[in-house]
Amino acid sequence: MKLTGAQALIKSLEMEGTEVMFGLPGGAILPVYDPLIESSIRHILVRHEQGAGHMAEGYAHATGRPGVAMVTSGPAATNIVTPLADAYLDSIPLVVITGQVPLSVIGTDAFQECDTIGITMPVTKHNWLVTDPQEIPRIVREAFHVATTGRPGPVLIDFPKDIANQMMDWGWPELVDLPGYKPNLKGHPKQIKDAARLMSEAKRPVIYAGGGILKARAAEALLELAELTGIPVVTTLMARGAFPDRHELCLGMPGMHGNYTAITAIQRSDLLIALGSRFDDRVTGKVDGFAPDAKIIHVDIDPAELGKVRRPDVPIVGDCKNIIERLVKAVVADRAKHDWADISPWMETVRGWQRDFPLQYEQFEDGPLKPQFCIEAIRDHTPTDTIVASGVGQHQMWTSQHWRFDHPYTWVNSGGLGTMGFAIPAAIGAKVGRPDRTVWAIDGDGCFQMTAQELVTASAERIPIKVAILNNAYLGMVRQWQHLFYEERYSEVYLSPDLPDYVKWAEAMGCIAFRVDSPEDVVPTIEKANEIDDRPVVIDFRTDASENVYPMVPVGHSNDDVIVGPPAGEGSR
Amino acid sequence: MEQGTHHILSVLVENKFGVLTRVAGLFARRGYNIFSLAVSPTEDERYSRMTILVDGESAPIEQVTRQLNKLIPVISISELSAADAVERELMLVTIVAGQDARSQATELAAIFEAKILDVGYESMTLMVAGQPEKLDAMTDLLEPFGIVELQRTGRIALPKLSRQSSKLRVVKPGSA
Numbered sequence: 001m002k003l004t005g006a007q008a009l010i011k012s013l014e015m016e017g018t019e020v021m022f023g024l025p026g027g028a029i030l031p032v033y034d035p036l037i038e039s040s041i042r043h044i045l046v047r048h049e050q051g052a053g054h055m056a057e058g059y060a061h062a063t064g065r066p067g068v069a070m071v072t073s074g075p076a077a078t079n080i081v082t083p084l085a086d087a088y089l090d091s092i093p094l095v096v097i098t099g100q101v102p103l104s105v106i107g108t109d110a111f112q113e114c115d116t117i118g119i120t121m122p123v124t125k126h127n128w129l130v131t132d133p134q135e136i137p138r139i140v141r142e143a144f145h146v147a148t149t150g151r152p153g154p155v156l157i158d159f160p161k162d163i164a165n166q167m168m169d170w171g172w173p174e175l176v177d178l179p180g181y182k183p184n185l186k187g188h189p190k191q192i193k194d195a196a197r198l199m200s201e202a203k204r205p206v207i208y209a210g211g212g213i214l215k216a217r218a219a220e221a222l223l224e225l226a227e228l229t230g231i232p233v234v235t236t237l238m239a240r241g242a243f244p245d246r247h248e249l250c251l252g253m254p255g256m257h258g259n260y261t262a263i264t265a266i267q268r269s270d271l272l273i274a275l276g277s278r279f280d281d282r283v284t285g286k287v288d289g290f291a292p293d294a295k296i297i298h299v300d301i302d303p304a305e306l307g308k309v310r311r312p313d314v315p316i317v318g319d320c321k322n323i324i325e326r327l328v329k330a331v332v333a334d335r336a337k338h339d340w341a342d343i344s345p346w347m348e349t350v351r352g353w354q355r356d357f358p359l360q361y362e363q364f365e366d367g368p369l370k371p372q373f374c375i376e377a378i379r380d381h382t383p384t385d386t387i388v389a390s391g392v393g394q395h396q397m398w399t400s401q402h403w404r405f406d407h408p409y410t411w412v413n414s415g416g417l418g419t420m421g422f423a424i425p426a427a428i429g430a431k432v433g434r435p436d437r438t439v440w441a442i443d444g445d446g447c448f449q450m451t452a453q454e455l456v457t458a459s460a461e462r463i464p465i466k467v468a469i470l471n472n473a474y475l476g477m478v479r480q481w482q483h484l485f486y487e488e489r490y491s492e493v494y495l496s497p498d499l500p501d502y503v504k505w506a507e508a509m510g511c512i513a514f515r516v517d518s519p520e521d522v523v524p525t526i527e528k529a530n531e532i533d534d535r536p537v538v539i540d541f542r543t544d545a546s547e548n549v550y551p552m553v554p555v556g557h558s559n560d561d562v563i564v565g566p567p568a569g570e571g572s573r
Numbered sequence: 574m575e576q577g578t579h580h581i582l583s584v585l586v587e588n589k590f591g592v593l594t595r596v597a598g599l600f601a602r603r604g605y606n607i608f609s610l611a612v613s614p615t616e617d618e619r620y621s622r623m624t625i626l627v628d629g630e631s632a633p634i635e636q637v638t639r640q641l642n643k644l645i646p647v648i649s650i651s652e653l654s655a656a657d658a659v660e661r662e663l664m665l666v667t668i669v670a671g672q673d674a675r676s677q678a679t680e681l682a683a684i685f686e687a688k689i690l691d692v693g694y695e696s697m698t699l700m701v702a703g704q705p706e707k708l709d710a711m712t713d714l715l716e717p718f719g720i721v722e723l724q725r726t727g728r729i730a731l732p733k734l735s736r737q738s739s740k741l742r743v744v745k746p747g748s749a
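Going down the list, the sequences are from chains A and Y. Going by my numbering, 133 is the number at position 133 of the first sequence; the sequence numbering is gapless. Going by my numbering, 587 is the number at position 14 of the second sequence; the sequence numbering is gapless.
Please keep in mind that the hints were generated in silico from the structure rather than gathered at the bench. Given the structure is predicted, the values throughout are model-derived calculations rather than measurements. The beta carbon of each residue, even a glycine, is placed where N, CA and C say it ideally should be. Be careful, since some hints might not be right.
To be verified - Distance condition first, Cα-Cα at most 30 Å in a straight line; then the derived DSSO-like pairs of lysine-lysine:
#, chain 1, residue 1, chain 2, residue 2
1, A, 182, Y, 707
2, A, 2, Y, 733
3, A, 11, A, 182
4, A, 337, A, 193
5, Y, 589, A, 182
6, A, 295, A, 190
7, A, 182, A, 203
8, A, 203, A, 193
9, A, 11, Y, 733
What the hints assert, rightly or not - Facing chain Y, according to a computed beta carbon distance under 8 Å, are these residues of chain A, among others:
#, residue
10, 75
11, 121
12, 126
13, 146
14, 176
15, 178
16, 303
17, 304
18, 307
Same shape as in the complex, but just chain Y (with noise of 0.2 Å):
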């Protein structure tokens, strides 16, 4: 996905079981893809919150958001393009790094403000969390190491605040 086309659509929802099927049934039935997801409790428990990010390309945003607002246990969806956004994410990686290679990981660790969280006789993990664009910078210079193991979380995201917030547009379940 090409940075800037996707849509963050940021999801409160009834925190019950089930709730997850129905929200990524209805983007399974009607073809849409969804690119990353997190899903979590919020500081309400009675809620959860989804930050679904799909692809503004392929999916008509505005039939989704209303298609979304159908569900029962959806309360609202806030919508954000990538450029009203704060994201960010998080990467867990193992890598290839024996004694010859460990300071140099070390030392790209350190740039990247990534934390050694474990090491091994012929590797180590790494945490960082940042912007993607800065989890992809560093996939690509840890890749001569060797990767053995790579996972991301999806994004997490929030409005940006100062006069860019009136941009955040809340989607009322009923609303034209």
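One chain only, chain A, in its complex shape (with noise of 0.2 Å):
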């Protein structure tokens, strides 16, 4: 059979099960948008190539497929390097496909010409340009392949115009090979048994589970080990909902606005159980002073992530879904021959300061709107099944702590980028990939100015999202950091409460808008914007801007140096 390159690729496509795709066409990539037409992928249009990057994202977060993006060349291609670059960070399957000027006119700086391939390669894990039509369909195999194997990652294909134009004799490879690309997926038998001997004799163990767990799909095997051994479990940012948050052994977040308990076990700890985890430098504060009375079992599917921070006492490269169950029989094995130390003493002292320093936040009946007052009301009106996205900043770690996430793949957030504007076209890309959730995007007033024209395409598209903006009128975490270490000079940052009027825009973008001002409004505003389910709605929550995210370790501070709240006096009433 005779294809022309355009038609192999969006066969290509096909075969490797793409349902929907995020694009915007041009110049180089016109020719890819005529099969288009007949396939059977739902094509979304986006508003800006970032848009169709961060979709591709929420889409893969919540489906755990890959996501997948179609651009033009030269401006759409440099567009989409944040969300490759943020996909690159926190490990999210991608493929996107880029359009490039004809080959014969490569490097004559042709219109529209950029070096996608050089641009990109130190955000992807692996790219590829085609050069010759035939190529495509091993090419488009590899491509899905390398970014959902091993640790996924954001792959590009850069796709000159004259190639898919090109007639090529269509042939689906049945097999991938790539010599230099064998993910090690088993583990070693005797640093299992290792692991398993070290957790007999913690006294004071903690799970450190990271996003690698989601990942794997190791959530009910995680779920199995901290059971079978009663040792706690700190979530990261990337792990929230991989371990249920109602469940007694879950501590919730660590990190710089980690909750006290989960900062302070790791802290105390006697041996960590790195799970799929990466000792980010917004986990461990200052290295030199992290957990230092801690053994480190690692267990990781990028050998490069063993010893990249902290050199573990039992490394073991592998996948945490496999490494985890094959663990849990170690640990069965190795309790019929040992005696295990006893953790309730250690246990006892976690949930003295699970009571002791709790996360606080007060909302005065007539006083100004806390953001975190506004969170939980969302929380407390939706299914439990709710998919939530956010932007970064203040209302991210607020989200993070106040959220209940009990199911996994409910959390779609910029963990290691910390990309502003990622909340709303994730949140799209997510419902697109579950329609049958609810999704909500709690985003910051910032975050919303950066890629709010999505909700055109949310529009257009007839995709019901919901949009939380906790308007404080600040680019609050900056902020935050001014009032906190530059002596309250603040530069820059303010943004004001409306300017633009949130509602007026969102209504102008096809949306339904709310405002809310006042504490009591926020359960019956949320309550109509549950009833809305064809369109996308957005609520403006006017918050109070004084409001600074606690508990707050400090950049370069070492982890017992936790600030549980607010000096007296600071904050609204």
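Could you fit the two chains together into a complex? Lean on the hints.
Spelled out as structure tokens, the structure:
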């Protein structure tokens, strides 16, 4: 069968099971948009290429399937670099296709030409320039394989226009042959045994669960391990939902804005069982002072993570699900032979911290609206399997702290790169992937202004997401640092609460919009929003600008220095 | 770079366009310096071998090899410490050597087993192969003549045989 390169590309994407792609056409990618008309693939036309990338990420977060985006060359390719970098740091499987000028003019500074392969090399797991239409099926097959196996990540295929127009003989490769790419999933049996041995001796163990649990679909295995051993679990920002918050062994989020118990349990532990986590600086604080007495078991599918920050006592390379399941067996076997250390005094200590240092904020009846109150109200008036997406900043930390994540794949956020403007497009992508779920974007006013135009996409495509803007009229997290570390010298952080008018703006984009100023209107408005299911809804919550995120470990400090809450008098009543 | 602190990475890669950029880019992004680099196809034309010399003091070799292993076109990496390798390098050097100095230069070339590749009225080009230290020594001794131009290939290396060969560490993708 003879196909054009463009037809072969679309057919290859179909062969890989692509149901949806997010994109925006342009000159160099034009030929590929033609056979798309006959394709089974649903194409969602975005308003900016960055939106396409984040939607694909949101889709991948919520479904576990690779997100697919397609854009043209030059500026479109550079616009999608941010989502690629975001997906690279958070290990999100993406397949991005960029148009390219014809091979015959590459290197001549042609119109809308840029070195996409060169630009995206440091932010992709791998990328390919197609130089022969006959290679298309093989490259697409390899691209999906690389994106979704091992440590997942974004890949990019750069597709020159003349390749799209040339003819090729269609054939689908049954196997992927990449001699330099063989992820090790299995782990070493002796190391797994050693890990069980270390666990048996630990008096103050903590499981430090990271995003790798979710990537490996290992949430159930983790639950089994925790319940079998009684070891408490902290879930990092990327792992919220990997272990249910309602579970008595769940200590919640550690790190710079984690809760006191999660931070301190790690800090005082004598054994850290790191599962798919990478000792990120936002978790460790000052590395020298991090969990000083702890031995480390580190499980990760990426060998380069083991010893990158902290040298493990027992390193295990492998897929988290596989390793945890075998670790469970190893624990059972070890217990049959040896007595395990008693961790009940440790758990009593941990319970004491939970009792003495809960998350705190206060919503006064006639006082300004507290952002945490809004988040908890949304949480309490939506189904427990609601998917929540956030941008980056104070609202993100409050959402991670105050939401109750009881199910995996319900938290969609930008962890590693910290990409402002992530929430709206990511929520759209998540809703496309899981139309059966309620999807809320909890966003800040600064973030909202970066990617809000994608609500036009949501309206046009009838993707009914719900958006809560926690509008404190500031770039809040920057304001918080200026408040705490720059003697309240506020530099370029004020945004105004009503410029733009968020309600009018949302309405202009085809959404239904509400404004909430006072605590008593919060719940009724959320309920109104919940009734709307045919278009996006936006609620402009006017929140207290002086509210800061606590607890906080100041940057450069060790996790011994947790600031639990605001000094007396901070925040408005 | 001091003798003995360097590591030699012998990296087998797919023989495709752009692979050198991927490898070099990885070093650049992490601020590691490549001291010398030699690339050529192997006996199997699908693959090339890169011999990369890095300073073990400034670059954490374990991280470097693990990060290199993550590159899709990298097939395998052998890491050699200086003590475990036989290393050779080739140097071409043009020196000032008119009539009166020519015989002296020829004598020196004989001592170092260098070859005379080209002779002009006022200069001469020599070729010498050997251990990098030998090339350093010869460069020092040629200095008084006046060096017009000098080029070295960078090292190539293979593991020492016999008892030492067990120290060759083949880093396979995915191994801890």
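Structure-based check of all given hints:
1. For the suggested pair residue 182(A) and residue 707(Y), the alpha carbons sit about 41 Å apart, so the restraint of at most 30 Å is broken.
2. With a C-alpha separation of about 54 Å, the suggested pair residue 2(A) and residue 733(Y) falls outside the 30 Å cut-off, and the hint is violated.
3. Simply put, residue 11(A) and residue 182(A) have alpha-carbon atoms about 27 Å apart, close enough for the 30 Å limit, and the pair holds.
4. Restraint check for residue 337(A) and residue 193(A): satisfied, since their Cα atoms lie roughly 13 Å apart, inside the 30 Å limit.
5. Restraint check for residue 589(Y) and residue 182(A): the C-alpha separation of about 19 Å stays at or below 30 Å, so the hint holds.
6. For the hint pairing residue 295(A) with residue 190(A), the CA-to-CA distance comes to about 17 Å; that is within 30 Å, so the pair holds.
7. Proximity of residue 182(A) to residue 203(A) is assessed by CA-CA distance (about 38 Å); at most 30 Å being required, the pair is judged violated.
8. Taking the CA atoms of residue 203(A) and residue 193(A), the gap is about 18 Å. The hint holds against a cut of 30 Å.
9. For the proposed pair residue 11(A) and residue 733(Y), the alpha carbon gap of about 52 Å is over 30 Å, so the pair is violated.
10. Given hint, residue 75(A) at the interface with chain Y, is violated; its Cβ is 23 Å from that chain's nearest Cβ, farther than 8 Å.
11. With a least beta-carbon distance of about 6 Å to chain Y, the hint placing residue 121(A) at the interface is held under the 8 Å criterion.
12. Interface hint status for residue 126(A): upheld, as the beta-carbon distance to the closest one in chain Y is roughly 4 Å, under 8 Å.
13. Residue-level restraint check for residue 146(A) holds (minimum Cβ-Cβ distance to chain Y is 6 Å; threshold 8 Å).
14. A cut of 8 Å between beta carbons decides the hint on residue 176(A): the least distance to chain Y is about 11 Å, and the hint is violated.
15. Interface hint at residue 178(A): satisfied, since its Cβ lies 6 Å from the closest Cβ of chain Y, which is below the 8 Å cut-off.
16. Contact between residue 303(A) and chain Y, as hinted, is supported at the beta carbon level, the nearest pair being about 5 Å apart and thus within 8 Å.
17. Because the closest C-beta pair between residue 304(A) and chain Y is about 4 Å apart, less than 8 Å, the hint holds.
18. Interface restraint check for residue 307(A): the shortest CB-CB distance to chain Y comes to about 7 Å, inside 8 Å, so the restraint holds.
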